[in-house]
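Asks: One letter stands for each residue in the lines below.
2 protein chains.
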Amino acid sequence: MAQTRYLLTEKDIPRQWYNIAADMPNPMKPPLNPGTKEPIGPQDLAPLFPMSLIEQEVSTQRWIDIPPEVLDILALWRPTPLFRAHRLEQALGTPAKIYYKYEGTSPAGSHKPNTSVAQAYYNKKEGVKRIATETGAGQWGSALALACQFFGLEAKVYMVKISYEQKPYRRSLMQTWGASVIPSPSNETEAGRKILAEDPDSTGSLGIAISEAVEDAASREDTKYSLGSVLNHVLLHQTVVGQEAQKQMELAGDYPDVVIGCCGGGSNFAGLTFPFLRDKIAGRDLDVIGCEPTACPTLTKGHFHYDFGDTVGMTPLMPMHTLGHTFVPAGIHAGGLRYHGMAPLVSQLLKDDLMRAEAFHQVECFDAAVLFARSEGIVPAPESSHAIRGAINEALKAKEEGKEKTILFLLSGHGNFDMSAYDAYFSKKLEEYELPQEELDKAWSAIRDLPAA
Amino acid sequence: MAQTRYLLTEKDIPRQWYNIAADMPNPMKPPLNPGTKEPIGPQDLAPLFPMSLIEQEVSTQRWIDIPPEVLDILALWRPTPLFRAHRLEQALGTPAKIYYKYEGTSPAGSHKPNTSVAQAYYNKKEGVKRIATETGAGQWGSALALACQFFGLEAKVYMVKISYEQKPYRRSLMQTWGASVIPSPSNETEAGRKILAEDPDSTGSLGIAISEAVEDAASREDTKYSLGSVLNHVLLHQTVVGQEAQKQMELAGDYPDVVIGCCGGGSNFAGLTFPFLRDKIAGRDLDVIGCEPTACPTLTKGHFHYDFGDTVGMTPLMPMHTLGHTFVPAGIHAGGLRYHGMAPLVSQLLKDDLMRAEAFHQVECFDAAVLFARSEGIVPAPESSHAIRGAINEALKAKEEGKEKTILFLLSGHGNFDMSAYDAYFSKKLEEYELPQEELDKAWSAIRDLPAA
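Sequence lines, in order, name chains A and B.
Sequential numbering from 40 applies to the first sequence in this note's numbering.
Sequential numbering from 40 applies to the second sequence in this note's numbering.
Where hints are given, some of them may not hold.
A pair counts as met if it fits within one copy or between any two copies, since identical chains are not told apart.
Only pairs whose alpha carbons sit at most 20 Å apart, straight line, appear in this in silico SDA-like list of lysine to any residue [what the hints assert, rightly or not]:
id	residue 1	residue 2
1	286	48
2	467	219
3	286	47
4	444	395
None of these hints come from the bench; they were simulated from the model.
All chains, full assembly: derive it from the sequences and hints.
Replies: Set out below in structure tokens:
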């Protein structure tokens, strides 16, 4: 019986987060105040985040201790399994060895709770009573609801109205974990009321929901704001994933030639790859690939430039690969990959050629997802299917070249709440969307006068 | 950090199934031919099942080897984790220690693939090309679809029409795994056409779907039938669950005083408890509790009697606790527990006082499920919530009595596909259903002239 799963025990849960800022050949540029265009300081972020998270955001310390209270909760699902994809290899007839790390065993079904638990903990510790956040399809909102429940915090989730109506099950999940979920735009904030006054039928957008959550947090003494990707401290919290994967590859007596993750805001990608990139920076030969949708090609067609993190333009300016904050991606099913920008840390690593990026069409990703589900059993989240497509392409290349090659990718979550996307795929309702160049040009022209990164 | 999960490795996957028939103080009575009322022989079952499964059905051999081809697939998710429910204990303020074994980590999200994989394997080995089955809410159908996919068999699933329409995501799951799913009653069988001729708007029932699947299998040379619970060989395949749990309790340095599972057809209950019941039969003091819904109180209000396994009355007569095969349970959300009968093996054990049974209302089960989700993170399947209710009641009793007590229950699956039930609970749409005595009397009177068991 060939080994299929590489399991670690509770004592193997990493005790520290790995901070890649300590090892990057070029540090990321600082975020800027949008008014003064000067670098922002920790105090600028204090109304929104607890100080311990702000410290992590700017830290260059290589290892940061994970508090025992956080470890106690991570132990409910960590360490997560690493699989050798024997059946997928057979289906492809490839000489490549394919491994995948699976984060779908968390209660919320993705990697997101790795950071929501840490964020809830630090907020609780600093006396915060309530956290406000936004969510699109609900993956992040449910992870934050779970974490707030564990620490006895109130969670207020502004959920994009169209998703609130179309994805009732993720909403129910958040409510089961005690969160208060409201469709955005709502009547509870200035921002929401303003939008509704202009357009009472607005179905909302992530940009509007961010505005509402930020306003909520900024206007209440007991409340802070929380973000599920992009920021340094969020990526930091995900590095438990890659550290575990390194131990598990060791158990397998192997080391990857290629490491692959899907890229939306960059957090699951960073979680898997940063610990391996440390080895690469130290000299190891390693191909690191970020996979994104052609409908939102931030890494492959974006500019490395200062831009706002949100659509409305309320946040500090971030140095990152961006399509421009006014860019509105098509409604692909991989909702978590529909973000105009990219984590500054990931952006800097791409700029420095420590990784590369590939973009895939929706249908080829679902082709990969279904092949994966039929060989390995697990039905992947649409976001994760981009990493599978990348891994399968590498495996097929290895077959063509007759090369043994070791491929590791991150399966960031399961698709249990995304079956309507599979329905659309099977009924051939998914169209290949070709992004018009003029849309890219338009969004880029709206930010080209912001500072160069 | 107190230990939360007890994990085993691939080498700990049980290599044999445990057959409780070898140890029961009183053997179960034989199934009868409904025409002659004589015990049926293996040849009577041959049109529907492959001979290896029929042999297992009648075997009294204590240990039966699990084929390596089956183990290879079980290794995709087995061994499953066993948890110590520290947070639930705290929430209850109980001196009891609560452990739970979790089967929701299988790709289909429940214990069902433990038997679907074995059944698909034996069918494949005996040259079968295609398997027909029925499914209500889709838990069993999806497990069989997964297994058939692994062995390259066609799967045809007759899905009760109302569920086909109301639970499109489970249908999508089956299709993702390559199964052909059709709403029942269908035009593809005599049975279906007959029903549709009488009532073109029929929303179907499990009884009708069984008739269609059995007719399909009986009328095609290349096709056999498959059942997800009740039969001896199905329960046998689930005993990997309890064997693993025994090793894990050993790791925890503990042994349960109470073992608890929910009861529909009896397969998850048997899976956990049979290996422990072996110890009880050998003299160990152990309380074994089957938990069922008050809306379908087979163990607590049924008769131990010969009855048909299906609603229409096509199967052999089985000696079991039954409400009568004409009994139609209310539409509770725990679809997997809506069965008029009970596995003959479980029925015999109840008759022999080796276990006891409790029935719970739907709302108190959801109360338990939500408390569990908020303390342990995992959102339970409505079926599994009955076992949680049972475990919580035992823990509260221990608190009242000031007793330390070790409780082990089976969390048979997650509720990711059942969030509409949680919606109904939170919006107070779940009513306490009191089953009228006359309904029980009516169903009983329809079978009282069948042979006594």
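Asks: Look at each hint and say if it fits the structure.
Replies: Consistency of the hints with the structure:
Taking identical chains as interchangeable, the C-alpha atoms of residue 286 and residue 48 lie at most 20 Å apart whether they share a chain (11 Å) or sit on different chains (15 Å). Within a single copy, residue 467 and residue 219 get their C-alpha atoms only as close as 36 Å, which misses the 20 Å cut-off; across copies the closest is 17 Å, which meets it. Taking the shortest alpha-carbon separations for residue 286 and residue 47, both the intra-copy value of 8 Å and the inter-copy value of 17 Å come in at or below 20 Å. Taking the shortest alpha-carbon separations for residue 444 and residue 395, only the intra-copy value of 18 Å comes in at or below 20 Å, while the best inter-copy value is 56 Å.
Hint compliance for this structure: no hint is broken.
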